[in-house]
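Using the sequences and the hints given, assemble the complete structure.
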Amino acid sequence: MYQQSGNHAVQMTNKDNMVYIIGAGAIGKALAVMLKHNGRDVVLVRGSVDDGRIANDEITLELAGGKKYVQTITVLTLSAIKRFEGTVVLTSKSFGNDKLAAKLGKRNNQFPIVLLQNGLGIEAPFLHQGYHALYRGVLFATSQASKDTVSFRQVSASPVGVVKGSVAALNAIVASISTPEFTFSPTAAIEKAVWQKTIINTVFNSVCPLLDIDNGIFHRDEYALVLARNIISACVKVANSAGIAVNAHEIEEGLLQISKVADGQLISTLQDIRAGRPTEIETLNFEIDKIAQSMQMQELTKEILLLGKLIKIKSATQQRRRAPHVRSIAKGKMLNK
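Residue numbers for the sequence shown follow this note's numbering, beginning at 216 and rising by one.
Bear in mind the hints are in silico, worked out from the structure with no lab data behind them.
Keep in mind the model is a prediction, meaning the values are calculated, not measured.
Every residue, glycine too, gets a C-beta built ideally from N, C-alpha and C.
Please note that a few of the clues may not be correct.
What the hints assert, rightly or not - Label pairs and their in silico Cβ distance ranges:
#  : residue 1 : residue 2 : range
1  : Thr364    : Lys524    : 43 to 53 Å
2  : Ala279    : Arg444    : 21 to 31 Å
3  : Ala384    : Gly336    : 36 to 46 Å
4  : Arg444    : Gln513    : 14 to 24 Å
5  : Gln325    : Thr275    : 32 to 42 Å
6  : Asn455    : Leu521    : 17 to 27 Å
7  : Arg268    : Asn232    : 23 to 33 Å
8  : Glu437    : Asn232    : 28 to 38 Å
9  : Thr287    : Glu437    : 43 to 53 Å
10 : Gln472    : Gln534    : 25 to 35 Å
11 : Lys527    : Arg444    : 19 to 29 Å
12 : Lys297    : Leu525    : 17 to 27 Å
13 : Ile528    : Ala270    : 20 to 30 Å
14 : Ala384    : Lys362    : 29 to 39 Å
This is the structure in structure tokens:
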């Protein structure tokens, strides 16, 4: 149910099948358009700002083969939502989960939440807040946004599993968010899937931004693939020691599949760096190294940690370049103290 905000009023709804997508980035927009195209009730919620604004945005979704869908999507902020009456899907960046879990928890924590985010340990803030229906998805799709257009490619069905909740509810949620061209599937092995995709993401989000190149580099360049194999090998050893039975060959196959499907598209971290936004590298390289350290295996992840640090430096440098006025204001405040 939405409440009136300023001069805008949005139609009230009591439907339990409403999907609230928090995170109006490329994946969030792609999912919203797919759901709307298939007759589902959906709204986009901006996770980075909360000014109460409500708008109806026309979004164009470009698929493989030149197919396009155009839908008008209601876009709002959290303060415009009186209560949640359906499923909340998070496609926002995971570094904001602490604040988001606390903010959502002030309303109630009975509604189901599906995390469609990258990285390890991203569920923790919601578990600490006592959420009773928490589900984790692993995205096997790529997307890139420019203005009001999103380019989307599905690699394979994205698995969703139970973190806290029931299998029956999981099946219902998967059915409610799945569409023919953006497909989800229930799984009982979500932890393995999370690790597999996290390792793949660590490769893409470490190498592509530092080379300033698109996702297709790994199927085009043998030297890039050798570097990817080294990262995968170290991560697999850490995962196996943590009790997660992942396989290096399967992960490499997944990496190459994504690289081919997403040839020409930019990985999210490179998009974020270019736009001067924070990245999710903390939940990738740094989290893997943290787990390695807990098992006295940090020698294995030295290079992975170094790549993560280089990404942080590149990200911070670009943010400073894009916001010189912010530095000037901050410096002025310091001098006046």
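Each hint, compared with the structure:
{"no.": "1", "hint": "Thr364 <-> Lys524: 43 to 53 Å", "in the structure": "violated, 34 Å"}
{"no.": "2", "hint": "Ala279 <-> Arg444: 21 to 31 Å", "in the structure": "holds, 28 Å"}
{"no.": "3", "hint": "Ala384 <-> Gly336: 36 to 46 Å", "in the structure": "violated, 23 Å"}
{"no.": "4", "hint": "Arg444 <-> Gln513: 14 to 24 Å", "in the structure": "holds, 20 Å"}
{"no.": "5", "hint": "Gln325 <-> Thr275: 32 to 42 Å", "in the structure": "holds, 36 Å"}
{"no.": "6", "hint": "Asn455 <-> Leu521: 17 to 27 Å", "in the structure": "holds, 22 Å"}
{"no.": "7", "hint": "Arg268 <-> Asn232: 23 to 33 Å", "in the structure": "holds, 25 Å"}
{"no.": "8", "hint": "Glu437 <-> Asn232: 28 to 38 Å", "in the structure": "violated, 48 Å"}
{"no.": "9", "hint": "Thr287 <-> Glu437: 43 to 53 Å", "in the structure": "holds, 46 Å"}
{"no.": "10", "hint": "Gln472 <-> Gln534: 25 to 35 Å", "in the structure": "holds, 32 Å"}
{"no.": "11", "hint": "Lys527 <-> Arg444: 19 to 29 Å", "in the structure": "holds, 24 Å"}
{"no.": "12", "hint": "Lys297 <-> Leu525: 17 to 27 Å", "in the structure": "violated, 45 Å"}
{"no.": "13", "hint": "Ile528 <-> Ala270: 20 to 30 Å", "in the structure": "violated, 36 Å"}
{"no.": "14", "hint": "Ala384 <-> Lys362: 29 to 39 Å", "in the structure": "holds, 37 Å"}
Taken one by one, the earlier hints fail for this structure at numbers 1, 3, 8, 12, 13, listed in ascending order.
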